[in-house]
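Chain A is fixed; fit chain B onto it per the hints.
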Amino acid sequence: MGGEAKDGLVAGHVSLWYGDSQALRDVSLEMRPREVTALIGPSGCGKSTFLRCLNRMNDRIPGCRVEGSFRLGDQDLYRDVDSYELRRRVGMVFQRPSPFPLSIYENVAYGVKRHLRRGKSQLDATVERSLTEVGLWDEVKDKLNDAGTSLSGGQQQRLCIARALAVDPEVILMDEPTSALDPIATSSIEELAASISRERTVVIVTHNMQQAARIARRTAFFYLGELVEVAETRELFATPKDKRTEDYLTGRFG
Amino acid sequence: MTDPTGVRSPKAARTKDRAATAVLAAIVFAIVVMLVVVVGHVVASGAGKLVDLSFLSGKPEQFKAGGGIGPEIFNSFYLLLLTLLISLPISLLAAVFLTQYLPEGPVARVAKTAIETLSSLPSIVVGLFGMLAFVLSAGWGFSILSGALALTMFNLPILVRVIQQALEAVPRTQRDAALALGLTRWEATTMILIPVAMPAIVTGVIISAGRVFGEAAALIYTAGQSAPTLDFLNFDLSSTSCPWNVMRPAETLAVHIWKINSEGVVPDLSAVSAGTAAVLMVCILAFNVIARLVGRALERRMTAA
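Chains A and B, in that order, give the protein sequences. Numbered continuously in the working numbering, the first sequence closes out at residue 254. Numbered continuously in the working numbering, the second sequence closes out at residue 305.
Next up, chain A with everything else stripped away, as it sits in the complex:
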C-alpha cells in the first residue's frame, strides 16, 4: 500500500444548487485524516449530495452548480486535480453493492490496471492484498474467476470496498454502505470501515445513529442543506449544542 493519508479533506463555504433549488448552504467541514467522519441527518438534508461533491460525482448532473472550495492537502479538488485522478485518490462505496459484470478477480484488478502500472505478479499481489484487507480472500481465493455477482450481498459489498482500496486511495467515501445488508454483514462492514481508517480518511453517510456512534470519531449533523453541528461523536450525542441536533437525535423528526 502507499503511504498513509497525511492530509484530511477540508470543505470551505460550500454551496450547491440543482437548477434554482439550493441543496447545500455554506457548508464548511474538516474531515480529518485517518479517522471516520460520519454525516447524519434526515432524508434530503444534503449529506449525500455533500459526499458526492468530494469526488465530483455531481459534475455531470445537468444544472448542478457548486461554489466554495474542497482541499486535499494543498490541492484544490476542483481546480488542481483531474477528475479521473481525483476519483482514484478518493474512492467511493455505494448504498447497493454494485459489482461489475466481471469475475471477482477482474472486479478488483480492473481499476488497478486502468490507473497504475503493474506487472501481472504485482497485480495478483494487489488483488490478494485488497481482498485480504476486506476479509474476503479466504472465502473467494478458490473461485477468483467466478462472477462478482455470484457472491452474497455482504460479500459483494466487501468486494466493492476491495475494488476501491485496490487503486490505493487516500480517502474512502461510503454512502449508506449497509442500508441494503443484514445485521451480520452490516457489522462486518462497520468493522472494516474502522480498520480502513487506520491508514485512510473515511467519510460515511448513514441513517443509522448507532452506526455513527459505533465507528465515527466525529459526526456532522446536516439539516435542510446546512451543516448544523459537528463534534466528537460522543460529545455530539451526549450534549448537542443546537436545538435541531437534539430534536433529531431524540427522534422528534427525521
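Only true hints are included.
Cβ-to-Cβ under 10 Å is the rule here; a few derived chain B residues that face chain A: (1) Pro-103; (2) Glu-104; (3) Gly-105; (4) Thr-173; (5) Leu-179; (6) Ala-180; (7) Gly-182; (8) Met-191; (9) Arg-301; (10) Met-302.
Taking CB as the label site, the calculated pair distances span: (11) A:Ser-179 with B:Val-107: 31 to 39 Å; (12) B:Val-110 with A:Thr-250: 51 to 59 Å; (13) A:Glu-226 with B:Leu-24: 45 to 53 Å; (14) A:Leu-224 with B:Ala-114: 39 to 47 Å; (15) B:Ala-19 with A:Gly-251: 41 to 49 Å; (16) A:Asp-26 with B:Arg-296: 48 to 56 Å; (17) A:Pro-42 with B:Arg-14: 35 to 43 Å; (18) B:Val-37 with A:Pro-183: 52 to 60 Å; (19) B:Pro-122 with A:Gly-68: 51 to 59 Å; (20) B:Val-33 with A:Ser-83: 53 to 61 Å; (21) B:Val-282 with A:Ser-83: 53 to 61 Å; (22) B:Ala-169 with A:Pro-183: 26 to 34 Å; (23) A:Arg-118 with B:Ser-119: 43 to 51 Å.
Calculated directly from the structure, the hints in this document are not laboratory data. From the three backbone atoms N, C-alpha and C, an ideal C-beta is built for every residue, glycine too.
Below, chain B without anything else, positioned relative to chain A:
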C-alpha cells in the same frame, strides 16, 4: 353501500375485482386463441411442404408445378444478416449516445422525434424511398444491398429503442460505481453497461430480426422480385448466381408469397404459397423462442458462477 359506522362494505369492491379479473382473463384468452388459430392454420395448410426437402431446397418454377423455395430461404437469411450487420452497430452507438452522452437537450429531442417518425413510416414508403435512393439514384439496381439498406431504415428505430430501454434499465449505481473508480464514460459504457444490458439487447435484436425477416413491402422495389438460381460453388462476386454477391436481385420468402399470389401462374400456386407461408411462420416462431432462450441463458451466466 355504507353501514352506520361509515365503513364501506368490501363486498362491492370485491365483486368489481372479480369482474375485472374475468374480463382481463377473457381478453388474454382471446389473444392466445387468435394466435393459435392463425399459426395453426398457416402451419397446417403448408404442413406437407414443410417436410418436403425438394420444396425446401429446389428452385422456383415459372410456369409448371413442383417449384421450390431454396433460393428464397437463403435470400431471406442473407438479407437479414446483412441488415443486422449494418443496423446493429449504428443503433448501438446511437442508443449509447442518447442514453449516456446526451440524454437531455434539444439535440436529443430532435433525435428522439426523428427516430419515432422513422419507426412510424409505412414500410411501403420506405420501400419506394429505397427504390428512388438506392435502386435508381445510386444505380445499384434491384439488389441485396438496396434491400438491406431499406430494411436498415425500417429496423433502425426499433433497434435503437430496444437498446435504449435495455441500457436505461441498468441500475444507476452500476454506472456510478464505474465513474467513481475514475473510469471514463466510454469505459463505463463498454465495460459495464453493455455487458449488463446484453441479455435484454440480444432478446430485442432477435425479436426485431423476426420483423425484418417477414418484411415484404420494403423489399418488393429494392431487393426485387426475382430469385436467380444460386450456385454455392460460385465465388465470383460479380456473378448473379453467386449467393454472396450483394449486387444481385434477391426475392425473399415474404416477397415470394406476395408475388405468386398477385401474378403467379403456376398450377400449384396455392400449395406453394401455403408452404412458403408455413416456412416463414416457423422461422419467425423460432426467432421468438431463440430470443427467449438466449436471453435467459445470458442472464443466468451473468448472475451465476
